[in-house]
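Asks: One letter stands for each residue in the lines below.
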Amino acid sequence: MPETVLTVDELTVHNHFTDVPAVTGVSFAVGPGQVIGIVGESGSGKTITCRALLGLLPELFEITAGSIRLLGRDTALLTEKEWTALRGSSISAVFQDPASYLNPSIPVGRQLEEVLRIKTGLPRKAARARALDLLTAVHIRDAEYVYQQFPHELSGGMLQRILIAIAIAPEPAILIADEATTALDVTVQAEIIDLLADLTRRLGLALIVVSHDLAVVAQLCQRIIVLRGGTVVEQGTVEQVLFSPQHEYTRLLIDEHHRFGLDRFLTASDRAEARA
Amino acid sequence: MLPRLIRLPAFWVASGILLLILFLGVFGHALAPLDPLKGSPAVLASPSAAHPFGTDYLGRDVLSRVLAGAPVSVLGAVEVAGIALVCGTVPGLLSVYLGRAFEWLTLRIIDTLIALPFLVFAVAMTALLGNGISQAMLSVGLLLAPVFYRVSRAAALQVSSSQYVEAATLAGASAAWVLRRHILPKVLAPLGIAAAGAAGTGLVIVASLTFLGIGVQPPAPTWGGLLASDLGYLDYQPYAPAFPIALIVLTVVALNLLADVLRDASGQSGQVLLKKRALRKAAKKKRRVLAITRAVQEG
Amino acid sequence: MSAEAEILPIPHVARAASAGSSVALLRLRRVAIAVARPVGVFVPVFLFATFITFLLGAVTGLSPAYVQLGDAATPAAVARLNHQWGLDQPFFVRYWSWFSALLHGDLGKSWSNGVSVSELIGQRMTISLSAAGLALIIGIVLGALLGILAALTASSLLDRLITSFVSFISVLPPFVVGIALVAVLAVGLHWLPSAGYVPISAGFGPWLSHILMPALALSLETVAAIARQLRAGLVGAYQQNYVLGARVRGLGPRRIFFVHVLRNGAGPSLALLGLHFPNLLGGAVVTETIFALSGFGVFASQSALRGDVPAVQGILVVSIVLVVGFNLLVNILLNRIAPAAARGI
Numbered sequence: 001m002p003e004t005v006l007t008v009d010e011l012t013v014h015n016h017f018t019d020v021p022a023v024t025g026v027s028f029a030v031g032p033g034q035v036i037g038i039v040g041e042s043g044s045g046k047t048i049t050c051r052a053l054l055g056l057l058p059e060l061f062e063i064t065a066g067s068i069r070l071l072g073r074d075t076a077l078l079t080e081k082e083w084t085a086l087r088g089s090s091i092s093a094v095f096q097d098p099a100s101y102l103n104p105s106i107p108v109g110r111q112l113e114e115v116l117r118i119k120t121g122l123p124r125k126a127a128r129a130r131a132l133d134l135l136t137a138v139h140i141r142d143a144e145y146v147y148q149q150f151p152h153e154l155s156g157g158m159l160q161r162i163l164i165a166i167a168i169a170p171e172p173a174i175l176i177a178d179e180a181t182t183a184l185d186v187t188v189q190a191e192i193i194d195l196l197a198d199l200t201r202r203l204g205l206a207l208i209v210v211s212h213d214l215a216v217v218a219q220l221c222q223r224i225i226v227l228r229g230g231t232v233v234e235q236g237t238v239e240q241v242l243f244s245p246q247h248e249y250t251r252l253l254i255d256e257h258h259r260f261g262l263d264r265f266l267t268a269s270d271r272a273e274a275r276a
Numbered sequence: 001m002l003p004r005l006i007r008l009p010a011f012w013v014a015s016g017i018l019l020l021i022l023f024l025g026v027f028g029h030a031l032a033p034l035d036p037l038k039g040s041p042a043v044l045a046s047p048s049a050a051h052p053f054g055t056d057y058l059g060r061d062v063l064s065r066v067l068a069g070a071p072v073s074v075l076g077a078v079e080v081a082g083i084a085l086v087c088g089t090v091p092g093l094l095s096v097y098l099g100r101a102f103e104w105l106t107l108r109i110i111d112t113l114i115a116l117p118f119l120v121f122a123v124a125m126t127a128l129l130g131n132g133i134s135q136a137m138l139s140v141g142l143l144l145a146p147v148f149y150r151v152s153r154a155a156a157l158q159v160s161s162s163q164y165v166e167a168a169t170l171a172g173a174s175a176a177w178v179l180r181r182h183i184l185p186k187v188l189a190p191l192g193i194a195a196a197g198a199a200g201t202g203l204v205i206v207a208s209l210t211f212l213g214i215g216v217q218p219p220a221p222t223w224g225g226l227l228a229s230d231l232g233y234l235d236y237q238p239y240a241p242a243f244p245i246a247l248i249v250l251t252v253v254a255l256n257l258l259a260d261v262l263r264d265a266s267g268q269s270g271q272v273l274l275k276k277r278a279l280r281k282a283a284k285k286k287r288r289v290l291a292i293t294r295a296v297q298e299g
Numbered sequence: 001m002s003a004e005a006e007i008l009p010i011p012h013v014a015r016a017a018s019a020g021s022s023v024a025l026l027r028l029r030r031v032a033i034a035v036a037r038p039v040g041v042f043v044p045v046f047l048f049a050t051f052i053t054f055l056l057g058a059v060t061g062l063s064p065a066y067v068q069l070g071d072a073a074t075p076a077a078v079a080r081l082n083h084q085w086g087l088d089q090p091f092f093v094r095y096w097s098w099f100s101a102l103l104h105g106d107l108g109k110s111w112s113n114g115v116s117v118s119e120l121i122g123q124r125m126t127i128s129l130s131a132a133g134l135a136l137i138i139g140i141v142l143g144a145l146l147g148i149l150a151a152l153t154a155s156s157l158l159d160r161l162i163t164s165f166v167s168f169i170s171v172l173p174p175f176v177v178g179i180a181l182v183a184v185l186a187v188g189l190h191w192l193p194s195a196g197y198v199p200i201s202a203g204f205g206p207w208l209s210h211i212l213m214p215a216l217a218l219s220l221e222t223v224a225a226i227a228r229q230l231r232a233g234l235v236g237a238y239q240q241n242y243v244l245g246a247r248v249r250g251l252g253p254r255r256i257f258f259v260h261v262l263r264n265g266a267g268p269s270l271a272l273l274g275l276h277f278p279n280l281l282g283g284a285v286v287t288e289t290i291f292a293l294s295g296f297g298v299f300a301s302q303s304a305l306r307g308d309v310p311a312v313q314g315i316l317v318v319s320i321v322l323v324v325g326f327n328l329l330v331n332i333l334l335n336r337i338a339p340a341a342a343r344g345i
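Chains as they are written, first to last, in my numbering: chain A, 1 to 276; chain B, 1 to 299; chain C, 1 to 345.
Worth double-checking, as some hints may not be accurate.
Derived SDA-like pairs (lysine to any residue); straight-line CA-CA distance at most 20 Å [unchecked claim]:
#1 K119(A) to K109(C)
#2 K286(B) to E80(A)
#3 K81(A) to K109(C)
#4 K186(B) to T169(B)
#5 K81(A) to Q68(C)
#6 K285(B) to S266(B)
#7 K109(C) to L136(C)
Hints in this document: simulated from the structure, not taken from any laboratory.
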């Protein structure tokens, strides 16, 4: 296994619509089993960074400098066909608002089965069996019943679990969770966070957690990057960034999150306990 | 919206053509150079200086007949659009204020109206209500009302549920004031577009009805009637249908152009589109360069 | 890797013993809704429309006397014939007998010749339906092709050309196209016969050569509407998040198009087809006159000119049934293929 799964070096993305850089000089690396968090407000460039990592920048956005190496390959050199092969099987993602990322006219189980068939080449029956297993593995009861339900018939928490199942089905090396818990209830949030933590432990999955919520990031991540206006204002281990924030902006963010009980996570022993 | 509208050349083209047609519609009779009903021995003659569109099977001047036939079609179209507008918009706006039962009833009526084919209904109406163009136009206008109903209702709903209207109502504004000040501006563009469409449909239906001999008695000239007689003599004058057809198509094209222009003026700007296109071209070029670079590296 | 399921502790897997039957129940419920809802709309529309049809017929001053005797109809003759045809009975008595007969397929008798209206219309239906059917096929196939091409090459030169072409043909009414086709293809080039109908039993070639121009003239409006709507629907579908989701999963563009985008993007077009069907019937009235086809449309205009009320009413009823029936089929199909579109998403 390579030393790092993903290396980002001085990534710069330009927004041609507003003619302003969306992301400037972002650098980080993630290895197998590692969890890195990207924190910032809306518009700080978190989502654009993720889309750049997936090779799915929206129209009018362009990578103007820097490089991204995924499993040792420079993604700038990839053709669309190579990208299609890589996505899902090497890198995958889940986003906010899970319902909108599923085809509303196809039962959810079939969409999971589709990924299994196409990306891992399983025959239909085996794919269906594996899909049911995966649904159970993401803590969905009545997997058979849920299998043929439509997205609009399921709750946000269920749908996000299903999307996670779909994302990990082809066994990617790295998963991006872009505001994956933001649209969910607090209790459901906790379950999803646990699920993600489990998966990184068991599967050696590298994980990028993007959130504006410091509590979520603090729970899951080992390292944090703080983005503001498209640039990295602070970077380091979770303890470094949250205990001794160097940048004023980071301090501001942490102060704002006091209300949400972040204090718990600011003492070393509590942190160790929470993550055990 | 109006400033943007004025800047679009298509708007002037469409309006110009439509004003011309409208002019013909009103003054067509007076503009005909020769008596449209007067026959002559020069039967089925080709276009010439004396008869720019030629003559028909009774030696009558076709140009004069086309001009004299304009009012029936054009005014019929206007009538259809007008009736549809009134019959659709009023219930549409009211449905937002008059509650569920009214809404349900009107929606059922709408469903029924949509189910009836225009021409069959128009033909049936002339049988049942009397053989006149006005009756036919009335019925077609009713059939076209659903579009106006939907458009005006959608605009009214959107506005009435917005917060600034809620605030205004709390401050004492009456429904009429809300209607005039907020709903009307929002609804003008879509209504204009629908009216253009309805006028086009109306024109075609009038032409179809007169073609079938319904509504206006010969020998009064109508565009549809002209086409009907042209059909009989196609072997001798295969180009004859072109004149009435050209006018009909021209009018409908102009109406559609106007509708498109109204749509564009109330929509998104074209700047974004241009930028997207430029970037796509650049990306394509970049990919080509990279492919070559890679080929060179490997080779 | 199903070892995964064993490694991860699964808290409360209460895999219901009745999982199988509840799935079946869900499926049944879905089918019931998919069919019942369109039918539920159809019935009131049918009832209301037929009532209006009868009402309009009853309030006209027309009488079989005018049809049969023309200007020679004296008031005495009118009264006599009205009585003979049962037209002096109370309104609701007449409505009820008309409506119950209708439900049995009996549309009354024509005032011109006393022949059953159902029979008269029935004879002509094959002709009209051949033309309308072929027009529908042409409309769907050609419209879909153009719409898909335009959507896949959005904003390119091809897209612009297709859009302009479609805009152009959308304004051409069937009877204009019909006349133009006759003038050019039949009289000018002598490629196709200019009039008449040949049943398919006499051979596919002759049938096609006679029915092609009328069908083509009827179909153009549908081609334009489908092409436009499909293009818009597909372009809109491509902008949805689930397409991004599919791309993130590493699904290829072909699969995304055929399995995901087409299904949802085509929904509105399918619905449009149902709305457009009345236009096909309406257009038939004129195209049949142009091409001398003795079909339903010609019967309509002739009956109208004669003032034959039962015939006109029968025609309206048949139109209503055709349109509503077709819409019903389309809605059921829509529910099956693209339930999201049917729900109005």
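Asks: Now tell me if each hint is right for this structure.
Replies: Cross-check of the supplied hints:
For the suggested pair K119(A) and K109(C), the alpha carbons sit about 67 Å apart, so the restraint of at most 20 Å is broken. For the hint linking K286(B) to E80(A), the alpha-carbon distance of about 13 Å falls within 20 Å, and the restraint holds. Between K81(A) and K109(C), the direct Cα distance comes to roughly 68 Å. Violation of the 20 Å bound is thereby established for this hinted pair. Distance check on the hinted pair: K186(B) and T169(B) sit about 18 Å apart at the alpha-carbon level, within 20 Å; holds.
At most 20 Å may separate the alpha-carbon atoms for a hinted pair to count; K81(A) and Q68(C) exceed this at roughly 76 Å. Only pairs whose Cα atoms come within 20 Å are accepted, and K285(B) paired with S266(B) is rejected, the gap being roughly 35 Å. At most 20 Å may separate the alpha-carbon atoms for a hinted pair to count; K109(C) and L136(C) exceed this at roughly 31 Å.
Consistency with the previously given hints fails for numbers 1, 3, 5, 6 and 7, ordered from lowest to highest.
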